[in-house]
Amino acid sequence: MKPTTETELSEAVAQANGPLKISAGGTRGIGRQIDGAPLNMTGLSGITLYEPGALTIVAQAGTPLAEIEAALASEKQRLAFEPMDCRKVLGTSGSPTIGGVIATNSSGPRRVVVGAARDHMLGVRFVDGTGRVLKNGGRVMKNVTGYDLVKLMTGSYGTLGVISEVSLKVLPTPETEGTLTIHGLSVERAVAAMSAALTSPFEVTGAAHLIQSDAGSPETLLRIEGFEASVAYRLARLKDALYAFGDVQTSGAQSPSDRWREIRDLAFWADCADDIWRLSVRPSDAPGIVARLPAGARVVLDWGGGLIWAAVPNATDLRAELGSFSGHATLIKARGEVRPSIPIFHPEPTAIAALNAGLRAQFDPRGILNPGLMN
Amino acid sequence: MEMPAPDARVMARKARLVSRLQEVLPDRSVIHDPMETRAYECDALTAYRCPPLCAVLPGTTQEVSDVLRICHEEGVPVVPRGSGTSLAGGALPTADCVILGVARMTQVLETHYNDRIIRVQTGRTNLSVTGAVEQDGFFYAPDPSSQLACAIAGNIAMNSGGAHCLKYGVTTNNLLGVTLVQMDGTIVEIGGAHMDASSYDLLGLICGSEGQLGVVTEATLRILPKPEGARPIMIGYDSAEVAGACVSDIIKAGVLPVAIEYMDRLLIKVCEEFAQAGYPECGALLIIEVEGSPSEIDAQLALIGEIARRHEPVAMQEALDKDQAARIWAGRKAAFSAVGRISDYMCLDGTIPVSALPYVLRRIEELSVQYGLAVGNVFHAGDGNMHPLILYDANKDGDLETCEALGAEILKLCVEVGGCLTGEHGVGIEKRDLMGVQFSSEDLEAQMAVKDVFDPKWLLNPAKVFPLANSETRRAS
Chain A
0 MKPTTETELS EAVAQANGPL KISAGGTRGI GRQIDGAPLN MTGLSGITLY EPGALTIVAQ
60 AGTPLAEIEA ALASEKQRLA FEPMDCRKVL GTSGSPTIGG VIATNSSGPR RVVVGAARDH
120 MLGVRFVDGT GRVLKNGGRV MKNVTGYDLV KLMTGSYGTL GVISEVSLKV LPTPETEGTL
180 TIHGLSVERA VAAMSAALTS PFEVTGAAHL IQSDAGSPET LLRIEGFEAS VAYRLARLKD
240 ALYAFGDVQT SGAQSPSDRW REIRDLAFWA DCADDIWRLS VRPSDAPGIV ARLPAGARVV
300 LDWGGGLIWA AVPNATDLRA ELGSFSGHAT LIKARGEVRP SIPIFHPEPT AIAALNAGLR
360 AQFDPRGILN PGLMN
Chain B
0 MEMPAPDARV MARKARLVSR LQEVLPDRSV IHDPMETRAY ECDALTAYRC PPLCAVLPGT
60 TQEVSDVLRI CHEEGVPVVP RGSGTSLAGG ALPTADCVIL GVARMTQVLE THYNDRIIRV
120 QTGRTNLSVT GAVEQDGFFY APDPSSQLAC AIAGNIAMNS GGAHCLKYGV TTNNLLGVTL
180 VQMDGTIVEI GGAHMDASSY DLLGLICGSE GQLGVVTEAT LRILPKPEGA RPIMIGYDSA
240 EVAGACVSDI IKAGVLPVAI EYMDRLLIKV CEEFAQAGYP ECGALLIIEV EGSPSEIDAQ
300 LALIGEIARR HEPVAMQEAL DKDQAARIWA GRKAAFSAVG RISDYMCLDG TIPVSALPYV
360 LRRIEELSVQ YGLAVGNVFH AGDGNMHPLI LYDANKDGDL ETCEALGAEI LKLCVEVGGC
420 LTGEHGVGIE KRDLMGVQFS SEDLEAQMAV KDVFDPKWLL NPAKVFPLAN SETRRAS
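These protein sequence lines map, in sequence, to chains A and B.
Going by numbering that gives the first Met the number 0, 204 is the number at position 205 of the first sequence; the sequence numbering is gapless.
Going by numbering that gives the first Met the number 0, 187 is the number at position 188 of the second sequence; the sequence numbering is gapless.
Hints should not be assumed to be uniformly reliable.
Derived DSSO-like pairs: lysine-lysine, alpha-carbon spacing no greater than 30 Å straight-line [as the list claims (entries may be wrong)]: (1) 251(B) x 75(A); (2) 134(A) x 166(B); (3) 268(B) x 411(B).
Here are a few chain B residues that sit away from chain A, every Cβ distance over 12 Å (derived from the structure) [claimed, not checked]: (4) 26; (5) 464; (6) 467.
Not close to chain B: a few residues of chain A, all C-beta gaps over 12 Å, as computed [as the list claims (entries may be wrong)]: (7) 94; (8) 216; (9) 273; (10) 356; (11) 365.
Note that these hints are calculated values from the structure, not bench results.
Please read these numbers as outputs of a predicted model, since none were measured by experiment.
All C-beta atoms in this analysis are idealised placements derived from N, C-alpha and C, irrespective of residue type, glycine included.
Only chain A is shown next, with the shape it has when bound in the complex (with noise of 0.2 Å):
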């Protein structure tokens, strides 16, 4: 099935008489394979709205991404949460579209200091598993009028609905950045560099730490955007304040954009065979979390030690590993079938579970959309 207008989804979906397996590029094959009838969202596409004084763009789902971000651009505008390309690290190919990065909230390296995905949602139109066309939210930036569903249908893997339409905010595209780099930096100096630098006052807007990359030695950077004058500035100011830190260097011979567009889509982890693991906790608790990975574990930090990425040895139960700690574990890459006894998604308390099954119930109360993907 591959609708071209929300009414054609409607029916589809209320047509449907078993699970539906919905995608569009195909890029982010992240959650267990599931069966299902397709559902190809690619012809539901086009920009409907971009007003750049307004600072608000609305597209439909299938939308290519890439068509987004030339719009944008050509306003000196950008999605500002910067959502990842999985292409290299997942090894997919297709074209990455706007519904797909919503549906999976899907936020880089700027997303600590700007927010993810889900903070740039100012709207969204979806189809329930019913077949019922709804929309909540809006066009503009500030909007509490009833639930916000945006937020729930962002990250929801189109397992609550298969949105049709997003509404975005975005920022103008700053005129310039520049990177500091440390070299050689244990974890714990790396946080504790990345955290003296996003508690400054110079607007680090990323902070990542690498470990055995291509240099050989640990990297850590920070990230500095905005006018020429203000991120020379700036650059100077923090390079100052991180003495203690050892020597740092400003930018590098790579241009800083290629650099954290890397870090951003794990590019260097392209022909990675191992299980990649996404870990969202608290900065402080990076250096003890990472002490306690597999040996031989590569290890990339953003959002200041609050990301940890993590290359394993195939089939790492990594939560059994680590036990308890505050955040969440998400397996987003794993060669072969994945044993059911390892979730994908990070298992939830009983009450939150409980809340979860309520919503899909109200939701799809079929159970045909992705059905178990994000079990």
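Take the given structure of chain A and dock chain B to it, following the hints.
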């Protein structure tokens, strides 16, 4: 504004309910004397009043859980209350309800600068959250005008905003975790000091749900390092059109001020008389604030000034020092009290796409003439969140009704141009009956279905947000 008739069976059981609540709460935490329950008869939407059956002031999450469990067993509606500053009637009681106030729960539970978080009990006021961290150079960003009095509990319930959300976002963008007590007394932890949900974004759902899904007793909030400095500039224009075009050009130029505030002629005059802020006489005043180091501020204000000059302002003045900056803001922040000094007023809160600004202001003026009531405008121009203030005389027969009718017309206008009924105050009872203007009955059904999951008996703040006709069968069951 109609409220459902109180349940006589519940009211008849008052003595039993009070005694059960007294068993689980410390002395004097259960307020049931009719003389004393009066204190809880309204919030900041003072046109509507009704004393509750009783009010309770628990001091811990466990006590909140005990109260809710008892009310759940007894089938008694509960209206949660922060500081009672809602402009939408979010904490308005019914005669058969228990007011659950979190005012005694004001502790800071944890501050962790390296993780950039603070965890507080939700009775704590907005401003005192910043107060707890500012000596170390941090602040809590959402800054509603009532920040001196309003509680974090209410901020979360209404997803409150403020003047600086153009850059920092509203409550939902600064909330990382909550302890939520469900109506049956179940205590759940949602989120924490980490970011984003592992499955559904329940935190995002709870924020802004107007106390209808549970009672939030503790919250983990994001705190931010204070910028090196901040300074406003005032720019005066003759007309709303030109001021609107100027705002649009500034945003398009890639400058992102922390705040862009707008005041019309009426508000400029009233605020100037009240606060002597040094506002120029003109038709439309913009207050634009930028942040950074002194040289960064200079550079941004220079760019803004250059753009503003292209639109031929009638006045333009940068704040040269802290005192001037404080004076400029004092006028704006006192806008509501300044108007309150000269008249009764109703404050609306619709949001519009900023491109529709000139049209909407023109239409408001026409409606103002048509209904015979003056309307002043003060609002957050960067994000289109309007605050039309309708002036009326509460002692004059029929004036409140005319005011409400005019307010409804203005809010319909906001929706018509692509905006919404409320940008930061919440629906409460005030906009409840207009929800059908913005949402289809199926849209509302979908939202009510969420409440069914969290509060199947519809006991939490039941007569709010949804038109009574839409929620009737659920409330009656």
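A quick look at each hint next to the structure:
1. 251(B) x 75(A): 8 Å, holds
2. 134(A) x 166(B): 26 Å, holds
3. 268(B) x 411(B): This hinted pair holds, its Cα atoms lying about 28 Å apart.
4. 26: 32 Å, holds
5. 464: At roughly 7 Å from the nearest Cβ of chain A, residue 464(B) sits no farther out than 12 Å, so the non-interface label is violated.
6. 467: 15 Å, holds
7. 94: Label holds. Min Cβ-Cβ 25 Å, cutoff 12 Å.
8. 216: 24 Å, holds
9. 273: 21 Å, holds
10. 356: 9 Å, violated
11. 365: It holds; residue 365(A) is separated from chain B by about 15 Å at its closest Cβ, greater than 12 Å.
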